[in-house]
Each structure stands twice: as C-alpha cells, then as structure tokens.
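*Asks:* Construct the complete structure from the given sequences, taking the supplied hints into account.
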Amino acid sequence: MAFLSRLAMLCFTLGCCHKASAKVQRSTLRLGRGARQTAEWQYVGKFGYAVGQGTYEARLREAVPGSLPLGTALELEIYMDEEWPQVETVTEVCRKKELAKRSREMNIGQVAGDWGQAAKGSISQNVRPHVWYFAISDCGGKLMNSTYGFDLEMEFKQDGGSHFSVELQWAPSANLLTLVGCSFFLLSFCRRSRDFFIRTGSLHPVIWTLGCVVVFQYVAQCLHTGHLAIYRSDGQGSRAMEVLSEIFFVLCQVTQTSLLVTIALGYTLLKAQLGDLQFVLPICGLVALVHVVLVVLDKAQCEASHRFTDHDGSTGWIFFGLRLALYAWFHWAANRTASQGGLRLQAFIGKFRIAASMYFLAYPGTFLVMQLFAPYLREPVMETGLMAAQVASNVWLASLFLDRGAYFQASSLSASPLPGRGSPVFFKQD
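Per the working numbering, the very first residue in the sequence shown carries number 192; after that it's consecutive.
Worth flagging that the hints you see were computed from the coordinates, not collected in a lab.
None of the values given here were measured: they were computed from a predicted structure.
Wrong hints could be hidden among the right ones.
With a cut-off of at most 27 angstroms between alpha-carbon atoms, the simulated DSSO-like pairs for lysine-lysine come out as follows [as the list claims (entries may be wrong)]:
| id | residue 1 | residue 2 |
| --- | --- | --- |
| 1 | Lys490 | Lys542 |
| 2 | Lys292 | Lys311 |
| 3 | Lys348 | Lys292 |
| 4 | Lys311 | Lys288 |
| 5 | Lys490 | Lys348 |
| 6 | Lys311 | Lys333 |
| 7 | Lys348 | Lys288 |
| 8 | Lys490 | Lys462 |
| 9 | Lys462 | Lys542 |
| 10 | Lys288 | Lys333 |
Distance windows between CB atoms, simulated [as the list claims (entries may be wrong)]:
| id | residue 1 | residue 2 | range |
| --- | --- | --- | --- |
| 11 | Leu367 | Ala309 | 29 to 35 angstroms |
| 12 | Arg217 | Ala264 | 19 to 25 angstroms |
| 13 | Gly243 | Leu367 | 22 to 28 angstroms |
| 14 | Leu367 | Lys311 | 41 to 47 angstroms |
| 15 | Val242 | Ala309 | 48 to 54 angstroms |
For glycine and all other residues, C-beta sits at the position ideal for the given N, C-alpha and C.
*Replies:* Okay, structure coming up:
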C-alpha cells in the first residue's frame, strides 16, 4: 500500500510539473538571495523553432501575493543552442547574460496576485531550425536579500501558429497515419484469428498473448493521438492521456519480449504446457512493473535543458540495460532449446533467433544511433525506430502463429483438440 501511495503521488505530480512537450508551459520557481539559498538565475524552458518567424510570450506573478513591492522586474534571457553548452559551463551565473542573444524585462503584476505584463518577442531564422533556451535572472538585485516564489507561464509558437516544437512537428500526421495502419492490422488480426479458430477449434495461448500485445499498442496509439489533437489546440495536451499512452506502449513491448523468451525456453516447441516454465511469469511481471515505474518517474521530472526525448538521461540507459539483459536471457534460452531438439527444431530456432534478435536489439540500437543526431532530431529518430520495430514484429508473429508454416508444424499449435487428429511434430525427434 505504501508503494501504491507513492506511485499515486507521483502521478499527481505529473499535473504540476510540465515537461518540454507542453508549449503553453506553466511552472513555479524560486529566485533571490536568502540566508539558506541563493538563486539569482534559473533555466525555465526551451523551444525548437523551425525556419521562419516564431514567437514567444512569458509572464510572471508572485506565488504568495503581497510580499514583494508591486511592479518588481526580473530579466528574461534568451540563448541560442550554439552558445548553450558554453552557458552551462559559466560558474558565475550573472555572467551568463553575456552569451544571451537578447533579454526582456518581466514585471510582476501591479495588483497583488495578478499576472504582470507579458514579455513578448519574435525569433527569426532562415538557414536551419535552432533550439532556443530561456532563463530568468535577478542579477540586478531587485529581490534584495530574500528569496521569493513565482508562477511562470510561457507560450511558444512557430511561424504559422503551431505549438509544436521543431522536434515534434512531424508527430500529428505521423501518429494519425500510424493509427490508421494499426486499425487495419487489428481488423486483419481479428479476422485471421477467427479463421484459425474455425480451422482448429481453439486459439492457442500464444495467439491470445499476441492479441493482448496488439490491443495494448492500439490503445497506446489512440491515447497518444488524442493527446496530440488536444495539444494542437491548447499547447498543453492531456497529461493523463500522455502518461497512459506510454504505460500501454511499454506493456506492449514487455509482453512481446516475454512471449519471445517463453517460446525460446521451449514452450510450444518442447512442451505443450508451461509446467516448470511458470517461473517466467512473475519475472516478466516484475520487469513490466519496473518499466511502468520508470515511465511514471520520467514523466514526473520537470523541464530540463538536456532532455529532448523520454529516453534521455538515466531512464534511457536503464531501459537500454534491461533490454540487453532480456536479450541475453532469450539468446541463452534459444541455444538451450535448440540443443534439446532435432534438426528440424534447430533449423526453426536459428531463423526464429535472427528475427527475434532484431526486435530485442531495436531499442539499444536506436538509442545509440539517436545520440549521433542533433537534439531536435532525436525524438523522431527514436520514435520512428521503435514503432517500426514494434509493427514489424507484430506482423511477423501474426504470420508465424496464424499461418501453417514451420512454426505451426513444429509446435503445439498443430495439435488439434478434435478427436482423431495427430500430435504436433514438436513431440517427435528427427
């Protein structure tokens, strides 16, 4: 219960802490020179502008009204991506402004609790997209010797009015196209499963498991497309839909990897029932729980200048390690199963291992390749690679389970529950 309570609190935190994808961005910050804390400069957000003339707008108000002189002004500093690495190395925070491309004065409201006048501006670029970084400072000493809390609201728009940062401009059309493709595949999978049931009189558990994978992916895609549709109109989207989408997608991936590991351990190939392989289920459940917790923790993080995807930082490396560990388990299991079977089983395991390896290594491979690209290109590279691997694996497994191919003949799927039918080939040795 204590764990669930903490998880619920993290989920609540998601509503209070908006990451870079929310481009009507609201946050809370503290600035000033207090006895215990000195914070004269603070990074507050970033946005990738495409070629053209984009706009930004920011406004402040006191989080606890009445403690500051009305009309107090702070500085909004704006930095280009080409200078940002150097900005982060400057230890004297008030010298960072020397690298700023521009700055704007931001006033606190003239009435306690009201928003101050918005600091507005435009950013034009003609050669290529750039990521622009925003910070707020009190290097002028307006806050004297105290620290104060502020509510900040920022809105970024591309040339044309889009709220999507340059790394996400592809997302609405790409996700809609993916949703249409997933819809057709789901209908095709249901039709082929029905035909399989008519032929054999039952649906094997591996088919039901693959059905869960397909449904998880479809629900994730629907939720994410809905989030993007809302985001298009208000610049924030639905945090609940975004988080649930990520959770369903990782459940889809973990379920699929668990299915592949279980088959590699010999289920349907050397034995018709799980039997002593039931130990796999709690392990896979634990792996799924770890993935879900990582997603929730990642979404609970606030805006960070170095994060452009959900796979940046420690979260990405943990996923990287988990996928490699699962692949090592799969590889060991496949070798063990092949050594216990005849030539036909060994030939099937060889082909099965190659195809499954491409899925297991899709995340580690895409994650490493992503590091070679500019920050604003990492999101489309990562998402395209993962989605392509997931769709290709779904199509491959559907063909493997539902067609009368090598796997059907060599596994318990060919064992009919109808009287008078033969045993599957997997019981036989070559």
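*Asks:* Look at each hint and say if it fits the structure.
*Replies:* To see whether the hints hold, each was checked on the structure:
{"no.": "1", "hint": "Lys490 <-> Lys542", "verdict": "38 angstroms, violated"}
{"no.": "2", "hint": "Lys292 <-> Lys311", "verdict": "15 angstroms, holds"}
{"no.": "3", "hint": "Lys348 <-> Lys292", "verdict": "19 angstroms, holds"}
{"no.": "4", "hint": "Lys311 <-> Lys288", "verdict": "18 angstroms, holds"}
{"no.": "5", "hint": "Lys490 <-> Lys348", "verdict": "23 angstroms, holds"}
{"no.": "6", "hint": "Lys311 <-> Lys333", "verdict": "21 angstroms, holds"}
{"no.": "7", "hint": "Lys348 <-> Lys288", "verdict": "24 angstroms, holds"}
{"no.": "8", "hint": "Lys490 <-> Lys462", "verdict": "41 angstroms, violated"}
{"no.": "9", "hint": "Lys462 <-> Lys542", "verdict": "20 angstroms, holds"}
{"no.": "10", "hint": "Lys288 <-> Lys333", "verdict": "16 angstroms, holds"}
{"no.": "11", "hint": "Leu367 <-> Ala309: 29 to 35 angstroms", "verdict": "33 angstroms, holds"}
{"no.": "12", "hint": "Arg217 <-> Ala264: 19 to 25 angstroms", "verdict": "21 angstroms, holds"}
{"no.": "13", "hint": "Gly243 <-> Leu367: 22 to 28 angstroms", "verdict": "23 angstroms, holds"}
{"no.": "14", "hint": "Leu367 <-> Lys311: 41 to 47 angstroms", "verdict": "32 angstroms, violated"}
{"no.": "15", "hint": "Val242 <-> Ala309: 48 to 54 angstroms", "verdict": "25 angstroms, violated"}
When the structure is compared with the earlier hints, violations turn up for hints 1, 8, 14, 15 and for no others.
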